[in-house]
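> Dock chain E against chain R, hints included.
Listed in order, the protein sequences are those of chains R and E.
Reminder that position 5 of the first sequence reads as 5 in the numbering used here, one-by-one numbering, no gaps.
Reminder that position 10 of the second sequence reads as 10 in the numbering used here, one-by-one numbering, no gaps.
Certain hints may be false.
When chains are identical, the list treats them as one kind, so a pair holds in a single copy or across two.
Straight-line C-alpha distance at most 20 Å; calculated PhoX-like pairs for lysine-lysine [stated by the list, open to error]:
no., residue 1, residue 2
1, Lys-321, Lys-270
2, Lys-270, Lys-301
3, Lys-301, Lys-321
4, Lys-287, Lys-228
These are computed hints drawn from the structure, not numbers from a lab.
Number of protein chains: 2
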Amino acid sequence: MQFNTLILATLTASVLIQSVFADEPIQPITPAKSINAAQAELGKKLYFDPRLSKSGFISCNSCHNLSMGGTDNLTTSIGHNWQQGPINSPTVLNASMNIAQFWDGRAADLKAQAGGPIANPKEMAFTHELAVEVLASIPQYVAEFKQVFGTEKVTIDEVTQAIAEFEKTLVTPNSRFDQWLLGKKDALSADEQAGYKLFKESGCVACHNGAAVGGSSFQKMGLVEPYKTDNPAEGRKAVTGKDADRFFFKVPTLRNVELTYPYFHDGAAKTLTEAVDTMGRLQLGKKFTAEENAKVVAFLKTLTGEQPSFLIPILPPSGDKTLHPQPFNEK
Amino acid sequence: MQFNTLILATLTASVLIQSVFADEPIQPITPAKSINAAQAELGKKLYFDPRLSKSGFISCNSCHNLSMGGTDNLTTSIGHNWQQGPINSPTVLNASMNIAQFWDGRAADLKAQAGGPIANPKEMAFTHELAVEVLASIPQYVAEFKQVFGTEKVTIDEVTQAIAEFEKTLVTPNSRFDQWLLGKKDALSADEQAGYKLFKESGCVACHNGAAVGGSSFQKMGLVEPYKTDNPAEGRKAVTGKDADRFFFKVPTLRNVELTYPYFHDGAAKTLTEAVDTMGRLQLGKKFTAEENAKVVAFLKTLTGEQPSFLIPILPPSGDKTLHPQPFNEK
Numbered sequence: 001m002q003f004n005t006l007i008l009a010t011l012t013a014s015v016l017i018q019s020v021f022a023d024e025p026i027q028p029i030t031p032a033k034s035i036n037a038a039q040a041e042l043g044k045k046l047y048f049d050p051r052l053s054k055s056g057f058i059s060c061n062s063c064h065n066l067s068m069g070g071t072d073n074l075t076t077s078i079g080h081n082w083q084q085g086p087i088n089s090p091t092v093l094n095a096s097m098n099i100a101q102f103w104d105g106r107a108a109d110l111k112a113q114a115g116g117p118i119a120n121p122k123e124m125a126f127t128h129e130l131a132v133e134v135l136a137s138i139p140q141y142v143a144e145f146k147q148v149f150g151t152e153k154v155t156i157d158e159v160t161q162a163i164a165e166f167e168k169t170l171v172t173p174n175s176r177f178d179q180w181l182l183g184k185k186d187a188l189s190a191d192e193q194a195g196y197k198l199f200k201e202s203g204c205v206a207c208h209n210g211a212a213v214g215g216s217s218f219q220k221m222g223l224v225e226p227y228k229t230d231n232p233a234e235g236r237k238a239v240t241g242k243d244a245d246r247f248f249f250k251v252p253t254l255r256n257v258e259l260t261y262p263y264f265h266d267g268a269a270k271t272l273t274e275a276v277d278t279m280g281r282l283q284l285g286k287k288f289t290a291e292e293n294a295k296v297v298a299f300l301k302t303l304t305g306e307q308p309s310f311l312i313p314i315l316p317p318s319g320d321k322t323l324h325p326q327p328f329n330e331k
Numbered sequence: 001m002q003f004n005t006l007i008l009a010t011l012t013a014s015v016l017i018q019s020v021f022a023d024e025p026i027q028p029i030t031p032a033k034s035i036n037a038a039q040a041e042l043g044k045k046l047y048f049d050p051r052l053s054k055s056g057f058i059s060c061n062s063c064h065n066l067s068m069g070g071t072d073n074l075t076t077s078i079g080h081n082w083q084q085g086p087i088n089s090p091t092v093l094n095a096s097m098n099i100a101q102f103w104d105g106r107a108a109d110l111k112a113q114a115g116g117p118i119a120n121p122k123e124m125a126f127t128h129e130l131a132v133e134v135l136a137s138i139p140q141y142v143a144e145f146k147q148v149f150g151t152e153k154v155t156i157d158e159v160t161q162a163i164a165e166f167e168k169t170l171v172t173p174n175s176r177f178d179q180w181l182l183g184k185k186d187a188l189s190a191d192e193q194a195g196y197k198l199f200k201e202s203g204c205v206a207c208h209n210g211a212a213v214g215g216s217s218f219q220k221m222g223l224v225e226p227y228k229t230d231n232p233a234e235g236r237k238a239v240t241g242k243d244a245d246r247f248f249f250k251v252p253t254l255r256n257v258e259l260t261y262p263y264f265h266d267g268a269a270k271t272l273t274e275a276v277d278t279m280g281r282l283q284l285g286k287k288f289t290a291e292e293n294a295k296v297v298a299f300l301k302t303l304t305g306e307q308p309s310f311l312i313p314i315l316p317p318s319g320d321k322t323l324h325p326q327p328f329n330e331k
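Next comes chain R alone, as it looks inside the complex (with noise of 0.2 Å):
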């Protein structure tokens, strides 16, 4: 083949493939791109490192487990001295879309986000300060510092930064659904296709769009009736302080959902078909018959994209003078 028949073949074949989706309301989810790889690379190593946490005992990974679908599969996830958390822990995968990072959107970014937890009393219960100390007594962490960041000195900054560059390639491509937008007819049965169809006439899709399917406004739970909890979070209204915004959270992704039970910010809702029936009653006043029910989320489970492959990191062992790990001082 000629390189210019080659062009134009590459041309029509992607006209043809935007042309198969570019009337719907979901796009496919395209691969990470523009990737330090280096800084992913130590990312990794922090995010599965638990002496980001003052036990020794508690990672990112802990709460945003990359082998069950970036979640913990909690109600609400397990802190510092076993602590309950407040709110269920979201899914990591694909969390690069998304318009802002917790349920209330109090991080503007992964980076901003990533901070949160190690210093937060309830969950990793560490300082800033400390975790850059662990970090700037570990020999060979000093050395990848160094050699990615290209400084002497470990900061804050750029652990959360390595992070965030990590977390950016948890995408999961190749979904049944992608697959099936991008032209492959039968990569979708029947039913599933049908629950599609519901998703999108009976309102779903007004917030659950993009190719993250969800993660790009912020809605109130139980717009049509109201949402009963005994959660206190109050969402949107604890960011803007606005007694307008109270119970307005993050649409959350819809990508992996059959990983990431359970549902709702609270967690109430432990299976897909419990979720789907009450997104269906409070936010669009619509009564899904079993029949519909079972359509919908026959067609959420073609969402399951490829889920992040790499392999375990090694971390690099504590030196000498490594501040220990407390995890029981307190008690």
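For chain E alone, kept in the frame of chain R given last:
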């Protein structure tokens, strides 16, 4: 090369290699063999699956973290509800070479060990029955157990068998010390070789020998001088009931000892320097000079082998009827 010549060359090389370390008290680690790959792959998932615990938060990997030398690097471990464990978590690396499992050897082998923490109320705090019920409610696990074991019913026997098979793969060959043993004479520095000489001549090798550099016998902690500790563990006596066995513990492997801090059954020695000093005085009646100590430590760090390298497992999602984790209900 002719086939016969190849065999002859291989035999010659083998004889040559054997002759290099035949007189040494430590032998190189050989890569794992006779592994049932399908069982090990299933076992890897189970090893990382926190649903084997009551809380849904603690997996085998929590306390035997394969990113951290197969340990948790804590004095004693954190168990269900943040309970403080009674003893330092021994490394899972090369554990297949141990004479028995646990510090007191109460489990005959890896399979017998694997069931212990699941049902220990201070560790994973579950029961074998409930762990099996959880797994049997997860469709992908049921299919994988059937494929691997040919049975319709998940049993704890298969669960522990699969975990043990995975653990058999966790050997760490090709340390610099093994390279040196196998004839690569520049693999160790002069100080490291001097440290090995001291290690042999001082008597450390009396207990720390063989391919695992330990793990092959029970010995009294505090042989020459008594060992002082607040830790109530009685060691081998708890298994045999004999007073004479009080404070006899399994000699730990020194493979990867650079990664498996803190040291001793009570985790009291924070650094290798401290551990070597204590061992010299209490077990051998020998006070190492600072220079000697540093050489022994330099030698010990050459025992760090290739760490297990594998893709993080992706766990199958729970089913709608899977028992929910109970992290907080008893608080």
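> Run every hint past the structure and note whether it holds.
Against the structure, the hints come out as follows:
1. Only between protomers do Lys-321 and Lys-270 lie at most 20 Å apart by alpha-carbon distance; the minimum there is 10 Å, versus 45 Å within a single protomer.
2. In the homo-oligomer, the alpha carbons of Lys-270 and Lys-301 lie at most 20 Å apart inside one protomer (15 Å), although the nearest pairing across protomers, at 48 Å, exceeds that limit.
3. When the C-alpha separation of Lys-301 and Lys-321 is checked against a cutoff of 20 Å, the pair qualifies only between copies, where the shortest distance is 17 Å, while the shortest distance within a copy is 49 Å.
4. Only within a single protomer do Lys-287 and Lys-228 lie at most 20 Å apart by alpha-carbon distance; the minimum there is 17 Å, versus 69 Å between protomers.
The earlier numbered hints are all upheld by this structure, with none contradicted.
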